[in-house]
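J.: One-letter residues, chain by chain:
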Amino acid sequence: MKLLIPTCGNHVAPRFDNATEVLIATCYDRQLLEEPRFILLANPSAEGLCDMILKEQVKCVVCCGIEEEHYRFLKWKKITVIDSVIGRWKPALDLAVGGELSAGDILRV
Amino acid sequence: MLDDILNAIPHGVMILDTSLLVRSINSRLQEMTGYSAREARGIGAEFILRSSIGAGSSLAAKVLENGEMICRNGTLLNRRRISQWVQFTLSRVNSIDGVTQDCPGLVLVVEKAEGADPGGGGRSSATLVGHSPQMLDVFERMAILARTDASVLITGETGSGKDRIAEELHEASARSGRAFIKVNCGALPEALLESELFGHRRGAFTGAVKDHAGMFRLADHGTLFLTEIGDLSLPLQVKLLSVLDDSCFYPVGSSTSVTVDVRLIAATHRDLRREVAEGRFREDLFFRLNVLQLRVPPLRDRAGDVRLLLDHFLRRSVRLNHSRVEGFDTEAIRRLVGYRWPGNVRELRNTVEYGVNMCRGTRIGCGDLPDYLFESLDVRTDGVSSGPRPELPLPPPATPATGWAELEQQRILKALQQAGGRRGRAAELLGMGRTTLWRKIKDYNLE
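So the protein lines, in turn, are chains U and L.
Under our numbering, the first residue of the first sequence carries the number 147, and numbering increases by one thereafter.
Under our numbering, the first residue of the second sequence carries the number 38, and numbering increases by one thereafter.
So here's chain U without its partners, still in its complex pose (with noise of 0.2 Å):
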């Protein structure tokens, strides 16, 4: 299963829509199948993402803020979505991966 978070530094990214930094990871059984690897893009957009996740087969995206109509639209398209996840995204990637990330999620450091 191919995963997706937003990043920001060290951080999952405040917004989806602003995010110009992404993490792809490819996990299996609940372990990462390899290390993630991170994708620069040319300019924030909220569509530019979406079209990566659905080229890219992403099966989960982790995301903090999420507008409606994109939520929605990654749901239509059968893409599990973990919003409000607030911290960094190397813990935020291992729960993750593990099935244990939950919307809403604040991961203190």
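Heads up, some of the hints might be wrong.
[To be verified] Examples of chain U residues toward chain L, derived with CB under 8 Å:
#1 Pro160
#2 Arg161
#3 Asn164
#4 Gly211
#5 Glu214
#6 Tyr217
#7 Ser230
#8 Ile252
#9 Arg254
[As the list claims (entries may be wrong)] Partial list, derived from the structure: chain U residues whose beta carbon lies under 8 Å from chain L:
#10 Cys210
#11 Glu213
#12 Ile228
#13 Ile232
[Claimed, not checked] Here are the simulated SDA-like pairs of lysine to any residue, each with C-alpha atoms no more than 20 Å apart in a straight line:
#14 U:Lys223 x U:Glu202
#15 U:Lys236 x L:Arg117
#16 L:Lys451 x L:Asp480
#17 U:Lys221 x L:Arg118
#18 U:Lys205 x U:Glu215
#19 U:Lys221 x L:Asn115
#20 U:Lys221 x L:Arg117
#21 U:Lys224 x L:Arg118
#22 L:Lys149 x L:Met179
#23 U:Lys236 x L:Gly81
Quick caveat, the hints were computed from the structure, so don't treat them as lab data.
Just so we're clear, the structure is a prediction, and the values are computed from it rather than from any experiment.
Glycine is no exception: its CB is placed at the ideal position from the N, C-alpha and C atoms.
For chain U, the structure is supplied; the task is to place chain L on it using the hints.
T.: Below, chain L without anything else, positioned relative to chain U:
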């Protein structure tokens, strides 16, 4: 105690420490963001607010560093995935708990912004920027007026944004998909204006080589905006009244009536009641136009909007001119906020554009602003004293100048007096060429 004070404020308020982590958040902002105070405490402000202004942390760092207040419009995306237009005002405080001294931090005030330009992209430039109670009242009235189809009369000083309001009213109305035609009644002579408004038939007068539809027909099913209606001649006022009453008119030289369905919006900077009293405007037309009236407040009465507009036009001008200007220095802000802005938003916009073009550094200072801002005595005295620029001599206690031309005349006369009538010396004092001075003396009839 502090929480009680914060909760009593009708806007969203957040207190941040120097690491930009949330220390307190009032109930209004909890409601706006969807995060309780307990959840938000210790979290980076940008993760709670999720604003569209981007680089929020760099802005906050700048405010912490130089102590200058910053206003930005943008969107706030809450936990329920709803985006709302807000104005962020960020300022530095020396004690974030109200007790401990030397415990600096930031106070962020989040207010709902209606019709505000996001600045960082989003709605087009055809929006109104304002956050004062006066402008909020205008926005409220606009929302009501847009729903009706009745004539609207927009009054207000020159440069206060009457045209922009008319455009917005049209855009928000049921006629928004149709034409919006603007005619300046003061720009054309009477005969030409009649033909321009109502059209003419070929051969109606010398030079009428083909039929002309006229603005009323072009605006059919749309909106016709007549600006400077106070300058309309009395015969045309009669014809306009008849169109408003019957929705039909005869083009110049035609014997066939044309029926139109047009919503009329009129604007003027004149006091139409006085014009009626003095016989320059027809009373019946005034009553017909004055079905719904919208008064646009002058900028000097719009508390707090000057700063917002300065930031707005600065961002716009920087973007258009590819400038590296980042803002105004403290003294320039003080002067600009204290200025009376007789030319209203138009004057402010042009002043900011002037500053952006003249500024050689990254911050617009007093030296980058037009001289007349400092020479005019027509400045606000309530709280913000705005004397002349330090390097300039104190202006004489003369009658306040009302415009650039008058001010320039005063400057020329003063320089001529100082130079004892010698034009060469006066030109030197004014910093202009002798020929330019000669031309200006001639133009202003000062000989």
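J.: Would you mind marking each hint as holding or not holding in the structure?
T.: Outcome of the hint check:
1. At about 5 Å, the closest approach between the beta carbon of Pro160 (chain U) and any beta carbon in chain L falls short of 8 Å, and the interface hint on this residue holds.
2. Interface restraint check: Arg161 (chain U) against chain L, minimum CB-CB distance 5 Å, threshold 8 Å, status holds.
3. Of the supplied interface hints, the one on Asn164 (chain U) holds, with its beta-carbon coming within about 6 Å of a beta-carbon of chain L, less than 8 Å.
4. With its C-beta approaching chain L no nearer than about 3 Å, Gly211 (chain U) sits inside the 8 Å limit, and its interface hint holds.
5. The interface hint given for Glu214 (chain U) is met, as the beta carbon of that residue sits about 4 Å from the closest beta carbon of chain L, less than 8 Å.
6. The beta carbon of Tyr217 (chain U) comes within 5 Å of a beta carbon in chain L, closer than 8 Å, and the hint placing it at the interface holds.
7. Of the supplied interface hints, the one on Ser230 (chain U) holds, with its beta-carbon coming within about 5 Å of a beta-carbon of chain L, less than 8 Å.
8. At its closest, the beta carbon of Ile252 (chain U) sits 6 Å from a beta carbon of chain L; the interface hint therefore holds under the 8 Å criterion.
9. Because the beta carbon of Arg254 (chain U) sits about 7 Å from the nearest beta carbon in chain L, less than 8 Å, this interface hint is met.
10. The beta carbon of Cys210 (chain U) is positioned within 8 Å of a beta carbon in chain L (closest approach about 6 Å), and the interface hint is therefore held.
11. Taken as an interface hint, Glu213 (chain U) checks out: its beta carbon lies about 6 Å from the nearest beta carbon of chain L, inside 8 Å.
12. For the restraint placing Ile228 (chain U) at the interface with chain L, the shortest Cβ-Cβ distance is roughly 13 Å, beyond the 8 Å limit, so the hint is violated.
13. Satisfaction of the interface hint for Ile232 (chain U) is found here, the shortest Cβ-Cβ separation to chain L being roughly 5 Å, below the 8 Å cut-off.
14. For the hint pairing Lys223 (chain U) with Glu202 (chain U), the CA-to-CA distance comes to about 13 Å; that is within 20 Å, so the pair holds.
15. For the suggested pair Lys236 (chain U) and Arg117 (chain L), the alpha carbons sit about 25 Å apart, so the restraint of at most 20 Å is broken.
16. The suggested pairing of Lys451 (chain L) with Asp480 (chain L) holds, with an alpha-carbon distance near 17 Å, which does not exceed 20 Å.
17. For a cut-off of 20 Å, the pair hint linking Lys221 (chain U) to Arg118 (chain L) stands: about 14 Å separates their Cα positions.
18. About 18 Å separates the Cα atoms of Lys205 (chain U) and Glu215 (chain U), which keeps this hinted pair within 20 Å; it holds.
19. A hinted pair counts as satisfied when its Cα atoms are at most 20 Å apart, and Lys221 (chain U) with Asn115 (chain L) qualifies at roughly 19 Å.
20. Restraint check for Lys221 (chain U) and Arg117 (chain L): the C-alpha separation of about 15 Å stays at or below 20 Å, so the hint holds.
21. Between Lys224 (chain U) and Arg118 (chain L) the alpha-carbon distance is near 19 Å, which keeps this suggested pair within the 20 Å criterion.
22. Our distance criterion of 20 Å between C-alpha atoms is met by Lys149 (chain L) and Met179 (chain L), whose separation comes to about 17 Å.
23. At most 20 Å may separate the alpha-carbon atoms for a hinted pair to count; Lys236 (chain U) and Gly81 (chain L) meet this at roughly 17 Å.
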